Amino acid sequence: MNIMKRYLFFLAVIPTLWSCEPEPDNLRLLDQLVVSTNYDPDAAFGTYKYYTIPKDTIGYVSNTSRDTIWTFTTAQPYPRSVINAVRHQMDSLGFEYVDRDQDPDVGMNIYIIENLNLFQQVYYPNYYSNYYGYGGYYYYPVVQTYAQNTATLVVEMIDLKNRNANNQVKIVWNAYMGDVVNSVNYEQQSIDAIRTAVRQSPYLH
Amino acid sequence: MKKLLTVLFILLPACALLAQENYFYLNLDVNTPLANTDWVSKTSGRGGKAGYRFMIGESRFSAGVDFAWAYFEEYAPTETFQNGNGAITTDYFKKLNQYSFAASGQYNWELGGQGLFFPYAGIGLGALHNQYIMAYNIYEDSDKGWGFLARPEAGILARFGKRRSMGAMAAVHFDYATNKSDDYNYSSYSAVGFQIGIFLMNR
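Keeping their order, the protein sequence lines are chains Z and G.
With my numbering, letter number 147 in the first sequence gets 147, and the count goes up by one each step, no holes.
With my numbering, letter number 146 in the second sequence gets 146, and the count goes up by one each step, no holes.
Bound-form chain Z, shown alone (with noise of 0.2 Å):
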């Protein structure tokens, strides 16, 4: 009969486990970037027409590079991908592409900020209360260290025309799109991302 009482016990136990939270389907939730986009409300989009941007070369920020560049390489087309999707994306609203010599109304600046975040835990394997030297054990902890790694992808509308008495510029526009690093397809999903951007953004047409 004990036998039995476990074994039903046990029985029980099982679907009650199973009903604690699980983690969602991080595929599904991967596949997509997250695109957050902000506008200066005191903007004037409407009387901006020319816009430059570089043909090869977008920002890098990390904490665990020197690189403050990521420049085009057949081996690394990503650059060049997202610097034409956002040239594509302003030719479709009708902004016309100058050289940065030409007097360009907006400057559209692209970077990457990597993020990595270590997290280190200690354990103490069979860590006895009595002290080594009073007759007990003492085991040297054990550190584990845990590492994420985050990539946000961020497309910036600079206002070129209306510098101020100090000849800075301000921030019209901006899309932060993430995250890079864990998603799926990274090339393709920004791409995506950025044309995400600016749909959600109708004040820019």
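The hints are simulated quantities; they were obtained by calculation from the structure and are not laboratory data.
Nothing here was measured: the structure is a model prediction, and the numbers come from that model.
Keep in mind that a hint or two might mislead.
[Said to hold, decoys possible] So the derived list for chain Z, only partly shown, Cβ under 7 Å to chain G, looks like this: (1) L29; (2) V34; (3) V35; (4) S36; (5) T37; (6) N38; (7) Y39; (8) P41; (9) D179; (10) N182; (11) T196; (12) Q200.
Don't be surprised by glycine CBs; every beta carbon is placed ideally from N, CA and C.
Put chain G on the given structure of chain Z with help from the hints.
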């Protein structure tokens, strides 16, 4: 809240010492939300309920404590939210993670006269903790809070044999709680649930 729980957990075992019969139970709990269904609406089988109840003297009344938990999750397809001078587009999971404590009282009677089936009806009063989670990409936003819980319940205990202390338990319950979240526009919680499991009786 902590004081109430402390009093419950000190008083109830003391009362149990005087009780003739008592039982523990462990149930799977299936719940369907009835309020704020724009947050979660689908029936969830990810829930459980465990508790301890004892008969009060020779009467047909019993009392006890219940601990319950439930988890709801719903996928929301890609949507654009306007927020001030901007917007955010994402797909996401809406999640509701909850647990509750209740002191309960029941009226019990015997069915069939063979000492096998014991229907009951009662109510539990206590507190329910809701955690509202919005998970999108690798990010999460959440809000949480306690509310007052009232839970009418009707069920049946079916012993596996007249001399057996173990049996099956099934019940339906209606939960109403005052939990709310301004962040997620959630005003109160109510749900109907069905639970099934086993109990162990001490006589």
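A quick look at each hint next to the structure:
A hinted interface residue such as L29/Z counts as satisfied when its beta carbon comes closer than 7 Å to some beta carbon of chain G; here the least separation is about 5 Å, so the hint holds. At about 4 Å, the closest approach between the beta carbon of V34/Z and any beta carbon in chain G falls short of 7 Å, and the interface hint on this residue holds. With 7 Å as the threshold, the beta carbon of V35/Z comes within range of chain G, its nearest partner Cβ sitting at about 4 Å, so the hint holds. Of the supplied interface hints, the one on S36/Z holds, with its beta-carbon coming within about 4 Å of a beta-carbon of chain G, less than 7 Å.
Interface restraint check: T37/Z against chain G, minimum CB-CB distance 5 Å, threshold 7 Å, status holds. Satisfaction of the interface hint for N38/Z is found here, the shortest Cβ-Cβ separation to chain G being roughly 4 Å, below the 7 Å cut-off. At a threshold of 7 Å, the smallest CB-CB gap from Y39/Z to chain G is about 5 Å, leaving the interface hint in force. Using the Cβ-Cβ criterion of 7 Å, the hint placing P41/Z at the interface with chain G is satisfied: the shortest such distance is roughly 5 Å.
At its closest, the beta carbon of D179/Z sits 5 Å from a beta carbon of chain G; the interface hint therefore holds under the 7 Å criterion. Annotation: interface hint on N182/Z holds; nearest CB of chain G at approximately 5 Å, less than 7 Å. Because the smallest distance between the Cβ of T196/Z and any Cβ of chain G comes to about 5 Å, under 7 Å, the interface hint for this residue holds. Proximity of Q200/Z to chain G holds as hinted, the smallest CB-CB distance being about 4 Å (cut-off 7 Å).
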